[in-house]
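A.B. asks: I would like the entire structure built from these sequences, with the hints used as guidance.
Residue numbering for the sequence shown follows this note's numbering, starting at 1 and increasing by one per position.
Calculated from the structure, these hints are not laboratory results.
These numbers come from a predicted model, not from an experiment.
We put the CB at the ideal spot given by N, CA and C, even for glycine.
Take these hints with a grain of salt, some might be off.
Cβ-Cβ distance ranges computed for the label pairs, FRET-style [claimed, not checked]:
| id | residue 1 | residue 2 | range |
| --- | --- | --- | --- |
| 1 | N59 | A380 | 26 to 36 Å |
| 2 | R339 | P91 | 40 to 50 Å |
| 3 | A188 | G231 | 36 to 46 Å |
With a straight-line cut-off of 30 Å between C-alpha atoms, the simulated DSBU-like cross-links for lysine-lysine are [said to hold, decoys possible]:
| id | residue 1 | residue 2 |
| --- | --- | --- |
| 4 | K173 | K123 |
| 5 | K313 | K52 |
| 6 | K52 | K226 |
| 7 | K168 | K226 |
| 8 | K226 | K313 |
| 9 | K52 | K73 |
| 10 | K377 | K314 |
| 11 | K168 | K204 |
| 12 | K226 | K173 |
| 13 | K204 | K226 |
| 14 | K52 | K123 |
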Amino acid sequence: MNDIEFAQSVSPELAGLYAQAKDLAFVTPGYALTHLRSFAAVFCDEIEPSAKADSNIANKIVMVRNAQGSSRKVLSALNTLRDSGNKAAHPEEYPPGTLDFPSVVTEGLYLARELLEYLYWLKTGSSAAPEYEVIEPTLHIQRDLSYRAIFEEDAQSRYTLGVYFKEKADREKSDYGLHRVDDGYGGAGMPSREAIDQAMHWFKCAAESDHPGARYEYGAYLFRLKDNPDGTISRRYDRGRGERYVWWACQAGHADAQAMMGDFFFNGTEHLDSDYERAREHYQEAAEQSHPRALAQLGRMHELGLGGPKDLKKAFECSLKAAESGFPQAQYHLYALHRQGDSFVGDHSTALHWLTAAADQRHPDAMMALAGLIADKKVANRSFADAQHFYEQCINTPHLRIRALYAYANLVATHSEDLLELESARHCISQCAEEIQANPNYHHSLSGCNRINRVLLNKQAAAMSREFPHFRFQFGAAEPAQGASDYTGPKVGRNDPCPCGKGAKYKHCCMR
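C.D. replies: Structure below.
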């Protein structure tokens, strides 16, 4: 008996989803994970029949959790399959390089087999499942897909080939520095260009057969096309076509398309005016299918009263569902609600749990906030090195760059004696001071840049003396950042308050 035959003996419906996921794992691991998410939903229906009436997988898992006899191991497997499926369905919401679909789908197939064995035990009462052989997936599925797509003109096969080539294009894209302006993929002759062109060919073919997923993928690609900066090429017409394809997919009940239509009406487009009421309607439609980003957006609209009445309870409920699905934006939003005094979020430890979950998925604002808490010694079992790492991760995020450069340098100046770290921090504070010149919102931090630089210089000199005790080193004085004037008032005593206004004694502050 092999694993497919064993699954068939337990549940034909689950066996079909498991076999599909296994076939696709070798070719399109991300797409395979969405099938395993469907596997988890059907498993919930098998365990708890009342779950069939609810299409929301998060609610289904709650029903299984509340059912008598459900184990922690089963719940963990269901949550993992749900979360990995959500990530595979919305990879654009996660930082590049953080999603390793091939290894995740291998774990997912293993968890699916464990769930099948658990269901076998429930149905038969036997403590041990029969022995079966796990057959390794092969490339035959790609040949079969190609045959059905070309000669049978099968829409689902064409869509699956589109997914295969799009996943390939996304993998190849990060390996090249030169990208086309309109879609961000490589230029002519590059692997990512060939792959994305193939993907759009197959999506378009499937869309012409009214396949909702293909209509969404092709429409979303067209809508995101950008004009040339010099104005020589306009993609406005293509973007309009993209909106129509997304609308057709939305009408067919495709959750991603419903969420994107919500974005269209929330932000407005070249062809559609902003309409918060219609945006809320489309987000609600997608949220009913457990779409995590739609849930997060709907939560924000309830919180701010956009497109309908303000309702903090609903805002929390939507954000919680999205956060439980592993969506980092919603996880960070729960922490933000707690900081604003929202009573629904619970105590500080609960809010910190969601902040940590978002930061561990490299959500920039969450990493910045968590680093600050660690630096202030408000997070147990976290070191200053963890805070430094988070600050470093935020430096390349435009809206956080100045704050991250400043905070990183300040943390190193306060807690590190390492020569390389001190040199890195000096470079950061120099960059910070330069960029502050062009940003009036941060001019108040210029004096702090000078203070940090002086501390780093002194520490660097001391570190060099320790490292090379038989040599003398002379470091140049730190040049004040332009715009930061030195103190010219009356002489200040060592124990007097520092004139910089930070509240510390002069000897512990700018005198250093």
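A.B. asks: All the hints need checking, so say for each whether the structure fits it.
C.D. replies: Hint check:
no.	hint	verdict
1	N59 / A380: 26 to 36 Å	holds (33 Å)
2	R339 / P91: 40 to 50 Å	violated (29 Å)
3	A188 / G231: 36 to 46 Å	violated (22 Å)
4	K173 / K123	violated (47 Å)
5	K313 / K52	holds (26 Å)
6	K52 / K226	violated (43 Å)
7	K168 / K226	holds (22 Å)
8	K226 / K313	violated (39 Å)
9	K52 / K73	holds (22 Å)
10	K377 / K314	violated (33 Å)
11	K168 / K204	holds (17 Å)
12	K226 / K173	holds (17 Å)
13	K204 / K226	holds (19 Å)
14	K52 / K123	holds (18 Å)
The structure shown violates the earlier hints numbered 2, 3, 4, 6, 8 and 10.
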